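Number of protein chains: 2
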Amino acid sequence: MKQVSKSKISFINSLKLKKYRIKEKLFVVEGEKIVSEVLKSNLDIKLICGSPEYLEKNEYDLEKFQDLVFEAKPEEMKKISSFVTPSNVLAIVSMPESRNILYKNEDLYLALDEIQDPGNLGTIIRICDWFGIKNLICSLNSADLYSPKTLQATMGAFLRVNVIYANIAEEIVKFKNNTKNHVFGTFLNGENIYKSSLPKAGFIIMGNEGKGINKNLEAMVDKKLFIPSFSELDIHAESLNVSVASAIICSEFRRNL
Amino acid sequence: MKQVSKSKISFINSLKLKKYRIKEKLFVVEGEKIVSEVLKSNLDIKLICGSPEYLEKNEYDLEKFQDLVFEAKPEEMKKISSFVTPSNVLAIVSMPESRNILYKNEDLYLALDEIQDPGNLGTIIRICDWFGIKNLICSLNSADLYSPKTLQATMGAFLRVNVIYANIAEEIVKFKNNTKNHVFGTFLNGENIYKSSLPKAGFIIMGNEGKGINKNLEAMVDKKLFIPSFSELDIHAESLNVSVASAIICSEFRRNL
Chain R
1 MKQVSKSKIS FINSLKLKKY RIKEKLFVVE GEKIVSEVLK SNLDIKLICG SPEYLEKNEY
61 DLEKFQDLVF EAKPEEMKKI SSFVTPSNVL AIVSMPESRN ILYKNEDLYL ALDEIQDPGN
121 LGTIIRICDW FGIKNLICSL NSADLYSPKT LQATMGAFLR VNVIYANIAE EIVKFKNNTK
181 NHVFGTFLNG ENIYKSSLPK AGFIIMGNEG KGINKNLEAM VDKKLFIPSF SELDIHAESL
241 NVSVASAIIC SEFRRNL
Chain P
1001 MKQVSKSKIS FINSLKLKKY RIKEKLFVVE GEKIVSEVLK SNLDIKLICG SPEYLEKNEY
1061 DLEKFQDLVF EAKPEEMKKI SSFVTPSNVL AIVSMPESRN ILYKNEDLYL ALDEIQDPGN
1121 LGTIIRICDW FGIKNLICSL NSADLYSPKT LQATMGAFLR VNVIYANIAE EIVKFKNNTK
1181 NHVFGTFLNG ENIYKSSLPK AGFIIMGNEG KGINKNLEAM VDKKLFIPSF SELDIHAESL
1241 NVSVASAIIC SEFRRNL
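Chains as they are written, first to last, in this note's numbering: chain R, 1 to 257; chain P, 1001 to 1257.
The following block holds chain R by itself, in its conformation from the complex:
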C-alpha cells in the first residue's frame, strides 16, 4: 500500500481553510460512516487516506478507488484530522455544482438568514433530510457547508439535500413567480405556531442566532409565526437554539401530511 506523502499531508491540511477549499474546489470528509456514504454517492473522489486497519477492513469497497488510496500512520492521521479525536479515514472530494432551485407548488423550502454556527447549519441540513425538504437556501454570509464541523453535524445528510448560497430576497422573488405559496418566518409578534393552520408547502425563513431575520426579508414575509414557551417561571426561557426552532417548525409543517 502506498504511504501518504508529506506534500499530500500538507495539501490535505490546507483544505481546513475555506479559501483553499474554494480555490481547489475540494473538501474533506472524515470518519467511517460519512466516508462510506460518500464512496457510495456520485461524488468525485480525489483521495482516500486511512489507517492500515481501516484499509484492510474495507479492502473490497476500496477496490475501485485503488489509485486514490493511501495509508496513513496514526500520527499522520492526527496531523490531517480536523477533530480532537482523529478518525481512521478521510477522503478528499470535488465540490459538486450547486443546483439552481426550480420552485414548485408542492414543495417546502427552508432559508437560513446569516446562520453563523457550522454545527447549527449541519444539524439543520440533517433536519431538512428527515422532513423531506430537498432544498436549503443559505444567505451568502452564512456558515460554510464544507467546513468540517458542518459536514460532521450533517451525518451524511449533505449528500441528500441541495444547499445553495444565494441572496434570499432574490430567491423569494423566484419562489413567488413560480408558486402560489406563502413565505413564513418566526418573530416574537407572530402567530402561535400550534394554533396556526399551516399549508403543506411554502418558504420558511429562519433568522441569525443573535439578531433574527433581517428587516429587508421581514418585509417579504406573508405570515409571521411564533413558537410559544411553556416556562412558568418569572425569569423566562430566553430563546431556542436555531436548529431546535427549525426542527419544531418543520415538524409542525409536516405533522398533518
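In short, the hints are calculated from the structure, not lab data. Worth double-checking, as some hints may not be accurate.
To be verified - Derived pair list, reagent style DSS-like, types lysine-lysine, alpha-carbon separation capped at 27 Å: (1) K18(R) <-> K1149(P); (2) K1211(P) <-> K57(R); (3) K1149(P) <-> K211(R); (4) K18(R) <-> K79(R); (5) K1033(P) <-> K1078(P); (6) K1079(P) <-> K16(R); (7) K195(R) <-> K1195(P); (8) K1176(P) <-> K1224(P); (9) K1016(P) <-> K79(R); (10) K149(R) <-> K180(R); (11) K1033(P) <-> K1104(P); (12) K1006(P) <-> K1057(P); (13) K19(R) <-> K64(R); (14) K149(R) <-> K1176(P); (15) K1078(P) <-> K18(R); (16) K1211(P) <-> K40(R); (17) K1040(P) <-> K1134(P); (18) K40(R) <-> K25(R); (19) K1149(P) <-> K33(R); (20) K23(R) <-> K149(R).
Claimed, not checked - Over 10 Å on every C-beta distance to chain P, these chain R residues come out as not near it, computed from the model: (21) R21; (22) L47; (23) F65; (24) N105; (25) F131; (26) A169; (27) G202.
Here the structure is a predicted model, which means the values were calculated and not measured. Idealized CB from N, CA, C, for every residue including glycine.
Following the hints, put chain P in place on chain R, whose structure we already have.
Just chain P now, kept in the frame of chain R:
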C-alpha cells in the same frame, strides 16, 4: 483592582477536569450573558475574573462581590478559558445540591439514558426550560452538567431546570408510585407521534446517540412512540440528533396545552 494570581489561574484551570470539579464541588461559567445570569441567581459565587473593560463596564453589578473580583489580562483570560475564543469574564461557582424529584400528576418529566455529548445535554436543558419541564433525569453515565460545553449550550437554562443524576429505572418506580401517569420512549417500532393522543403529563425517556434506550428501561415503557421521516429518497435520512428529537417530542406533548 486586584490582579488574578498565578495560583488562582492554575486553580481555575484545574476545574476544566471533572474530577477536580467534583473534589472541590465547584464549577466555572464563562461569558458575559451566562455570568450575568449567575450573578443574579441564588448560587454561591466564589470568584469572578474579568478583563479590565468588563470590570469597568459592570462596576455597579459587581459591587456586592467586591472581595471576589479579580482582573485578568487578555493572555491570562486565554489561559483560563475553556473556549477557542476566550470571553472577557468567568466565575467560579459552588455546585448546588441537586434536589430529589417529588413526582406529581400534573408534571412532564424527561430522562436521558446515557447521553454522551455535552452539547446535546446542554441543548436539551434549554429545551426543558422552554417547554416548562422542571426536572431532567440523567442516567449516572451521562455527560456532565458542569462541563464547560454543556453549560455553554444551556445558555443559562441550567439555572432554571433541576438536573439530577440517578438510576432511571429507580426514578420510574418512584414516578409510578406517586402518579397515575405513563412512561414514554421513542423506538423504531413505536406509534407515529403525530397520530398519537398524548397526555399533558408523563415521563419521557430519550436514548443514547448511537444505541438508543437500554433494554431494561425499554421494558418499563408503557407507550412506544416514533417520529416518522418525510424523506422521499430511497437512501433514507438515518436518524435525528437526540436534542432535535427531544425538541420535537416535547413540542408534541405541549402543543395541545
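Fill in: Beyond 10 Å from every chain P Cβ - status for N105(R)
16 Å, holds
Worksheet item: Taking the minimum C-beta separation from R21(R) to chain P, is that value above 10 Å?
Response: Non-interface label stands for R21(R): nearest chain P Cβ at 20 Å, farther than 10 Å.
Worksheet item: Holds or violated: are the alpha carbons of K1176(P) and K1224(P) at most 27 Å from each other?
Response: 17 Å, holds
Worksheet item: Is K1033(P) within 27 Å of K1078(P), Cα to Cα?
Response: Holds, because 18 Å separates the two Cα atoms, which is no more than 27 Å.
Item to complete: Evaluate the condition: distance from the CB of L47(R) to the nearest CB of chain P exceeds 10 Å.
Response: L47(R) clear of chain P: closest Cβ-Cβ about 24 Å, beyond 10 Å.
Worksheet item: Is F65(R) truly not at the interface, in the sense that its beta carbon sits beyond 10 Å from all beta carbons of chain P?
Response: Label holds. Min Cβ-Cβ 20 Å, cutoff 10 Å.
Worksheet item: Are all beta-carbon distances from F131(R) to chain P longer than 10 Å?
Response: 5 Å, violated
Worksheet item: Taken at face value, is the distance from the CA of K18(R) to the CA of K1078(P) at most 27 Å?
Response: Answer holds: K1078(P) to K18(R) is near 25 Å, not above 27 Å.
Item to complete: Below or equal to 27 Å on CA atoms is what counts here, so check K1211(P) against K40(R).
Response: Satisfied, since the Cα-Cα distance of roughly 24 Å is no more than 27 Å.
Discussion item. Please verify whether K23(R) and K149(R) have alpha carbons no more than 27 Å apart.
Written reply: 20 Å, holds
Worksheet item: If you draw a straight line from the CA of K149(R) to the CA of K180(R), is it 27 Å or shorter?
Response: 37 Å, violated
Worksheet item: Holds or violated: K149(R) with K1176(P), Cα cutoff 27 Å?
Response: 42 Å, violated
Hint compliance for this structure: hints 10, 11, 13, 14 and 25 are not met, and every other hint is.
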